[in-house]
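Colleague: Using the supplied hints, reconstruct the complex from the two chains, each of which is provided in its own coordinate frame.
Protein sequences, first through last, are from chains S and Y. Following the working numbering, the numbering of the first sequence begins with 1 at its first residue and continues without gaps. Following the working numbering, the numbering of the second sequence begins with 847 at its first residue and continues without gaps.
To be clear, the hints were calculated from the coordinates, so they are not data collected in a lab. Cβ coordinates follow ideal geometry from the N, Cα and C atoms, glycine included.
Straight-line C-alpha distance at most 20 Å; calculated PhoX-like pairs for lysine-lysine:
hint, chain 1, residue 1, chain 2, residue 2
1, Y, Lys1102, Y, Lys964
2, S, Lys835, Y, Lys1050
3, Y, Lys1019, S, Lys285
4, S, Lys835, Y, Lys1102
5, Y, Lys1084, Y, Lys985
6, S, Lys285, S, Lys239
Chain S stretches covered by chain Y per the calculated footprint, using a threshold of three residues with CB under 8 Å from any CB of chain Y:
hint, segment
7, 215 to 227
8, 834 to 843
If you anchor each label on the Cβ, the simulated ranges turn out as follows:
hint, chain 1, residue 1, chain 2, residue 2, range
9, S, Glu828, Y, Gln972, 28 to 38 Å
10, Y, Met1171, S, Asn305, 55 to 65 Å
11, Y, Ser916, S, Asn305, 43 to 53 Å
12, Y, Arg1103, S, Asn539, 27 to 37 Å
13, Y, Tyr1054, S, Asp70, 41 to 51 Å
14, Y, Gln969, S, Asn149, 54 to 64 Å
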Amino acid sequence: MMYYKLNQFLLVLSTLIIVSACGGGGGGGGRSDDGGLVGGSDPGAMQAQVGGNAVKGIVIKGNVTAIELDSAGNNLRVVGTATTDSDGGYNLTLDSSYQGGPIEIVVSNGPETTMVCDVVPDCGDRTDGLTDSNDPLVNNFGEEYKPANLFMTAMLGDAQNGETIAIQVTPYTHMAARRAKSAPLTSASIDSANSEVSVLLGGIDILRTSPVDITNPASLQNANAFDIIYSGLAAAIAKQALPDPNNQPDLNQALDHLSRSYALNGEFDSIALQLILDNTISVLKAVGVTDTSGILDSIRAAVINAEGGSIDPQPNPNVGDSDVQKTRLFLSDLRTWGTVIFQELESPMQAFDTQVELVQTAADAILNDDIALEAISAGVDVIVETGLSGMQCDRGNAIAFDDSPCTDFIDYDTNHGFFTGTVTRSTSNGSSTYTISNASVNVAGKVATLDLVVNVPANEALLSTVAVAIESATADSEFDRMVVSNGSVTLTSPNPVLINYFDQREYEDARITMTVLALDVVITQKKILVNGIPQVATNPINYAGKLDVTAFNYIDPVNGEGTDDFIPGSVALGGAVSNNLGDSVSFDFTLSIPTAAADVVNPARLLPVGSTYADNNGGSHLSAWTKSVDEFTYSNPEEYYSYWFNNESVNVSVNSPYTGYLELFHPGPYASLDAYFNETGPFRPLVDPFEISIDEQGLYTRGSSVPDYSQSGFIPFTLDEAYPVFYDSTKPPIGSVGLQFSLQFAGLPETGVNITGSTTDFEQGLGAVTLSFGNRMIRFSGSKNNAGQDIDSFDITNQDGVVLTVGFDKGEFSDLSINGRVIATVEELSSGVMKVSYIDGSFEIF
Amino acid sequence: MVALRFSNYFYQLHRKGRIIRPFLCGLLLVTAGPASADKNQRLGFEIHSFSYSEATSIHSIGGHWEDDVSSGDKALTVDRLYLGLLHGPFSIQYVQRYDAYYDYANDTARLLYQTENKLPLKQGDQYDLYISEDESASKGFRFGYSDWLRDDFKLSVYFSLLELTDLEQGELKGSASVVDSNDYDFSFYSDVVYEEDPLYERGKENVYGRGYSFDLAMHYLVNQNWDLGLQVLDLFSKMKVDDAPFTTAEASSGTKRFDEDGYVVFDPVVTGFEGYKSYSFEYNTQTHVVVGYRLKNSDSITLQHHDYYNLDFQEINYIQRFDEMELAWNLIPELNAIGFSIRTPSLKFILNTDNLDYDEMKYLQLSFQYYLTLG
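This is chain Y alone, in the form it adopts within the complex (with noise of 0.2 Å):
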């Protein structure tokens, strides 16, 4: 029963699908194309979507629980969807984007494995529970501006003003410890802001929210060789949530009964307070640093760093240029990742994983970006 709880968690992130959705939709638009045209206008269409889960597979924390559960106590999802006119450095476009960060203690991802696959559990055995999930949806209109300001140096600055689509933020705390090798007691509170309760199956219910965000960028073109780039997304950022439906509650083993294979399954017992509270947060600011160096052959190196949050690493890219197109090919070693990107004037790919097999995959990366000129 608590594993089930705790599963829906992640299985929320799952479920609803952000990461294809979105891109579903805007390449519809796309290829539908404008009737208009300008040769100093373009239509673009950017997805991004990255995906990392650190204990398991992001199949098995997306609710399946089938692969077994290393180190680690985070996963993420960060997905955004650009749509819109680009006019000389001007911009305005449509965003939707889905951010989620889950920080868990490792012995909660364990409990779960072993109890959703009916694990036999070391008698004594103590287990912290604890899930901080924060995750939102929002939509909205980003104005920006790109430009060199010098020849060297350009800059980038993004403006978003977002309306809320989705919320789910919270924590739940306690801990477990094991009766038997089939029986373990439980208890733990949890206090929730949603849309639709994950745990107490709460009516849905709309949150009404509104904000803002600002990104920025910078790319300094040091010499001939070396270049600089910084990319600060959501450098500030404030959403104000309206009444928010948001459940505090206690939980304890309760009742116990024994499946037909012997295992543990709870009748759980659960006080708790259904309300609404209005209150504001701020997105979690991801920076990314490139230092890139270009080679005698036109070919070129690139270190970054991407900080999201709760996971930072570095990753090198080695970059081949062919007339208009480069193929670069990505290495992610903290992450066992590698990857390749394929750059055009009007098109960039990017598709970074650990593993080609989706369902045990813990990092995925996922990018496409198409620059349609008009006129």
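The shape of chain S in the complex, shown without the other chains (with noise of 0.2 Å):
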């Protein structure tokens, strides 16, 4: 079920990779993800939180501090402090000016401390004042009492930047504090005492078991079986305190009673293990739960198996190892966000799913169906390239050079695609503003009308940069309607270039090296392609925000002159997109590739103009026929023709487009296929072109031979004009692509996603999809390897450097490591679950 689960996971991960991909031809590696958190703050700040719970009884506004410690034992600074709560629970920050060292949570009591008594019958008499209904004069089971001295520590080795540690104050943990200080402290010594304690009680993890309030029958429903086995092991300690003056248990004297020795030598008293042992099942019996832990068979067996009246716990490695608590909050994320995330993909219409959809949809409406952006270009393009001198009306093949600037597009020529419309320009201190009105121009054979008003540099202006202000545009094409409220067109020549309204030659030799693109827009989708046909949306999208592309023109490196070729060094949306629906969603993408620069300079391929296309292709034509004396075969890339003769009686057979219009003009039969020829006269192709383009080549045009179709031959084209490709297997794109969204699920934190791409070449890339939430995060990641697979393996990780690897063709799941020590199995039971194993005998199964 896992399985089905991830693989679905990865399906979505696919999904977005190919959506950030799409946007940029393929996007690229190199941009390094270190799997930050979204949003996250200094990077140089500790982010370290340290929480748990204070449990003698619960302790209630209970004073906790955080003390960094040196290596003696002496308190260095105070690094932290909360209050606990009215389950026992706090949470702290360990501020800036933590060092590193070991440090000592200290939990006390103040004037408003109160504890939960859990000793049965009761905690002595009541003296706090406090309001006591049923029994004014007794700390009964249950109820809270001020105690009159409270001292608990618990001791941890260090904690790192990103961690949450979990640590619980108890008297055990207070025990193994003790233990520590009576050796020179280091990380492992603080480990090792921790770990000394927890193997004495059977097991049980003292720093991250949490105990619960244990004369709360709600609190005990919801724990599990070790979290009320270590409350009914704290509470056991009560019982053996001696009453102080108010017959109430002295829970310091208790607590140093239990911990002077062992601090010294390490051992335990047998009898005093005894009876703690006794007192938890006491307290257990009160409340009506049995032990189903075997913690408690566990102590049982210590305690008869002691020698010499007392017990030396070793510390076993694996117990209490934070490592394990790590991987335990690592698989309870993956288990949380999974089972939400999964159920939003088994639920069309649920955020995760709707919002993806969203952001997939506006990706591909903005950067594939780009009609309308072409149209915006290409209106500051001929305001660029020929109003600004104004005068490049073709008035009868006149060019007229005044500062009369044509105002209909039927007079300038068609090169820019434009076929009706009027422009206009106005002055003011300078610089000129131009308004193109109810203009249509044709881009890539699609039709798109334009509004746009533009202000152009003042004339005579020498500048490297040439800014182009785009106060507003609306353009409108079949798939989408693009209005753009603010925007720029900046142009980087390395060569200043001199403004000149009246003589555009100045800036024709100019070199423009990079264009930036920069637009606030709103895009409304109006028709998707199905299957490459073109529908109206039923739900079309919305998009609102900022489109930013930047490009970098190539350099003929021939002539040294600009060309029309370009590719998109980095482009990025970021804005609101929403559907009539009402769902919407605030995104950012990303895609950039910063080798762009050098690869126009230099591209992976360019064909030398003068070869052939035999040259290029391996000794093929691009026109060519073949004569026999049966059959004749002609064909070109735009059209063929077979004929063939098979017998006196019937007609010469033919296929081509034309069949019909032959037929009809030339019916049969013949004696030959010469014959046939002789009859209809000699063979003439309907269409022969002149000039061919052939993509990732170039234009190729036809000699001045004559062709001789009376017997076998070619036309030789030649290469007139090259296409550059920038990237291909040999040199491919090295960039990135990066998404980040934010999603809210019910009953969870606001989640940032982050999405990411990468590619080394053609045939490896890396994804990756991030969910941020609070201070924790959990990485998913693939990498595709070899050609012909979506993703070869899928990593999972999270903040504490977890790492469980899933190999997504056979479902296989690794073991679970940290800094690749192995901390929990992970294996597949009989019926589909998983279950994980941890090394300290620990297991889960979901």
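Modeller: Structure below.
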């Protein structure tokens, strides 16, 4: 089942990566992603969180102080404080003064501190003045009272930036802290002391097992067996305390008594442990709970097997291991998010599915259906290249160089694709504003309408960067409508450009190497492609936000002139996308190819001008024919013919787009193929192109030779203009894509979703989806190593460095590890569910 | 899913086949025969198997769950194999034994039957989930003394030294509530010591345990017509287990799916702890009392009382004598079972059951004894 779920998630991951990649023609790698948290704060600041429960009984409003110690156990500084809540819980953030040393968590009582009595039948006389309607003079079991004294500690070796550390404060952590302090403090000695006490208590993890209020049935119902037993063990301590003058248990005395001899020699009195065992059983009996954890059995065995009346617990390297806790939390997060996300996936119109689809649709609409954007670009282009001079109106082949710009696009030549519309200019303070109205423009065979207002630099300005401000623009294409409220086009040239309204040749000579487009846009989707066929979008999306594109213009290396070829160096989208169903999501999308500038200078491939098509295509020809006695064939990229002769009694067979025409005018039968051509005249193709454009090669033109179709032959096309190919398998794009948006699932914190993709060549790549919530995160990353495969493996990691690898094809799970150390093994049970077995003996199935 | 889990407990019993396997082994040994000869010596082979399931058939509770569930909350099987030499009043025998006692909430069996067969559940119904299991297998040697101390009183005592070969002891507790006719929620905790984890597929590990058991039997001839017998098995016993694998765990419904029939399937969420612990246990004591009355025609009637820890019942026998052979007709009213016994000086065979169709049997007692006098 888990495989199914993960595979589903991988499918989504793949889709997301494709979403990112499709905007940039393949996307790229290079931009490193350190898995950092979305919206994270200063990476240099300590972000460690320490939290847990303070429980003897439940300590409420207790003072919690985190103190950094030196190796001798002396206090260095207070690095955090907190107050326990009504469940005894506390959370504190280590402040910036923390230097990385041992940390002691101290819980003490203040004037408002109360503790829940967990001693059967009571905790002595009530002297604190708290209202007690049940039995005003007695601190009964389950009632809060103010303890006369309370000082409990717990100790931690250190804390790392970004860690979330669970550390309970109980009588047993106090014992361990005392034991640790009996020798020079090191991280290892502290871990050892905590582990020793954990082993003494039958293997319960004293730092990370969360004790609960054992007097509260509701708390017990929601706790696991280990939490309950730990609570019972903590309660057992008070039973051993001597009564103070108020007949209340003297907790400090009890803690000191338990800790003193153990701290000195590491041995624990077996009778004292037997008493703890008996008292624990007594408390459990009082609340109607039996031990199902096996902990009490283990303690009992230790008591029975004790030699010489004392027990010398040996540290178990796996008990109390912080890495186990990190791994456990990782799986908890994974389970929580996995369940939620997979439910979302299985329920269309849920948040995750909907928002991902919205983002995907928006990216498709903006980056692929770019006719409207092209129309705006053409408008800017025509103004910059033609309108700035204002005089290039084609008025009966007479170019007028005066300050009376054309007012109708039909006056222009059609190089820029405009065939209707008007353009006007107004000048103010030296700069000019151009307005294009009611224009129609042909872009790559698609028609768009355009209204555009732009500001151009002042006449005679000498500029290295020419900035054209777009005041407004509205472009309508078949697929979408783009409205620009504000924007700019910035052209960069290595040589300053003299703006000359009256002689365009000044800037025609300039070499524009980089174009930056920055737009605030609203894009409304109109049609979508379904199986390649445009259809009206039933649920069109609207996008409002920015569209920033940086592109690099290709400079012809031969003549040094700028060309129309360019590749995007970066694309950035940031805004909100919504549909007419009320779904919406804010997102940021980035595509970056840092090497793009270099790529346009040195494309991967540029065929030599003058080479033949045969040279460049393994000897094949664009236009060629063969002639034999019974068969004649001809083909060029736009048409083909095939004639063959079989029998005198029937017509010559013809296979061509024009068969009907040929048969109609030249009925047979004929005695031979040559007899047929004698009747119809020498073969002549209907379409006989003079020039043919071949993608990724260039524009081929035919020579002046006259073809002789009476025998086999070909037309030698030669390359007249080479098209640069910027990327191929020998020179792949290196860059990355990124997509970020926020999600809000019911019952879960707002979550940042960060999707990244990177490629190092056409066959390999890496995609990642990072979910960030609070100071935690889960990162899913998939790698593609071979052509023809989507993703080979799938890594799941988190901020603690826990790693789980999933083989995508076989659905195999790796062990769970941290820094290469195996913390848990993962296996699939016969029922298909996953079992995770930790090195400390605990396990989980989900 | 949960149904499958519970079933595993019972399936272990069925799968291990301890009723049949020892029988075959013993038979092979007996037929091989001894080479030496001594009239005072006998080679003995005994197999005793007793199985009972209260709520549903043995076959069903063994994991098939094909038969409806009636009232009842227990199941057990007790099996013994003895093979050895009897010399005068003394004996030494190789022993293999398998003991399994199950107590369960009838709710649990009903829920298993319904969910295993994908029967519609009643919305709002609550089910107690409870299974207590006490299963062990061991082998060793049994030393005995059996003799007529007086003309009318025979005493038999047996002392066994045993080594544990298999173990599965623990319990499962929880509850389930029906959400819809095809859907229910559950939660339970389990605490099981085992050789091979029946629930969570922990790898098989050897258990190491040793101990002893003491059996006692007496036969008193009151007069010419009346006689009394008493047999107490495992009167005293103790088995000490070292570092036995155990698992404590809590499980809940977790994530649900629905199969092609629309019936709920669970991906349960389980958390627990796997460790080792040393402890000791005692075998459940069996008590059998027999009162016999000899009729004028030399036939006899006996009344027996059997107590198998969580099951006790009475048995009536009518015994006919033919020269050296006795033929007994057995009736067990409480269990709706009948059977017969054949006894000769060297052989004894007992078969009691409530149904001749194995798939529908709830009660089966099979006993075979064969003594070969040497020389």
